[in-house]
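Once you have looked at the hints, place chain E on chain L.
Here the protein sequences come in this chain order: L and E. Each residue of the first sequence is one higher than the last, beginning at 210 in our numbering. Each residue of the second sequence is one higher than the last, beginning at 210 in our numbering.
The hints are simulated quantities; they were obtained by calculation from the structure and are not laboratory data. These figures come from a predicted structure and were not determined experimentally. No false leads were mixed into what you were given.
Heads up, the list lumps identical chains together, so a pair's fine if it works in one copy or across two of them.
Cross-link-like lysine to aspartate or glutamate pairs, in silico, EDC-like; alpha carbons within 16 angstroms at most:
1) LYS382 x GLU288
2) LYS289 x ASP302
3) LYS351 x GLU253
4) LYS380 x GLU288
5) LYS218 x GLU253
6) LYS318 x GLU348
7) LYS289 x GLU306
8) LYS212 x ASP355
9) LYS218 x GLU348
Protein chains: 2
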Amino acid sequence: MMKALPLSKVYQLLEPGPVVLLTTAQRGRTNVMTMSWHMMVEFEPPQVACVVSNANFSFGALRRTGECVIAIPARKLAEKVVAVGNCSGRDVDKFAEFGLTTAPAARVKPPLLPACFANLECKVIDRRCVNTYNLFILEVLKAWIDPAQKNPKTIHHRGFGSFVVDGPTIKLKSRMR
Amino acid sequence: MMKALPLSKVYQLLEPGPVVLLTTAQRGRTNVMTMSWHMMVEFEPPQVACVVSNANFSFGALRRTGECVIAIPARKLAEKVVAVGNCSGRDVDKFAEFGLTTAPAARVKPPLLPACFANLECKVIDRRCVNTYNLFILEVLKAWIDPAQKNPKTIHHRGFGSFVVDGPTIKLKSRMR
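Looking at chain L on its own, in the form it has when it is part of the complex (with noise of 0.2 angstroms):
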């Protein structure tokens, strides 16, 4: 079960840089694709902007209703995460595909991937770079975190198939938030 999330420690899930998957739902026909380019951009409420090519089936689904969710998988969904950017929604449907399950998002209509440790219903807030970059800002509505995975270790794309797979934390004193 999925417990919501403050949205004040959205950035402290996505500014480590993961590999994350985004859902998207237009006319009824959802799709899920990975996305490695992505960054905070402000803390509360959280804004991110995500970097989108128009090549992906997800760009159109994306630029027209305005609307996705951001799902963060652990390094146990790795397999699955490849296999979902290695193939597009134009052909497959990929939640079928690769055995992914959605639920219901409370303020969007794509779908949450309840496999994920972390889930952001997002709303696009800003388009004025979409033309020139394929880069959207996001506001995340709404956060949902999975309890029962504790210690999720994420992955991180390196290009080409290789990814680094969280290693030790360290605390160091720290003024940053």
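Just chain E, lined up with the frame of chain L:
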């Protein structure tokens, strides 16, 4: 000694989401800050988006000069990276204070940090999101790598001085670049 890195490989350094250092120079005054909010925007020529808060001393220099260097530190520099993030260039010469040696860049005025395993010389190419989001779009003009630092482990910020260090690398069959 640093070696030139082909620009086509730059995304492999930033896509995993490491904490980086950002140097600037304005009227002969150089500065360095710690940054985690960045992402790739284009492969080649490599374009990078980053958020530099207008509360940071570096913001004015970056906006006015349109130049910076993004330097990527490995784990062994983590304590210095945090120290750099805990003070402002308004008050301190951070290079002297933390023993950060600099070297001249080839294409921009801000200095390289040879202790970092990679250095990216950048110019601002788009400012349309600066006023609203403090978001700069950069192009990488020249990239450097230190071949003596083999398989450097980077650090990723989780908030409040907690950092995850790179763990093992896994290879999966991917068609993703």
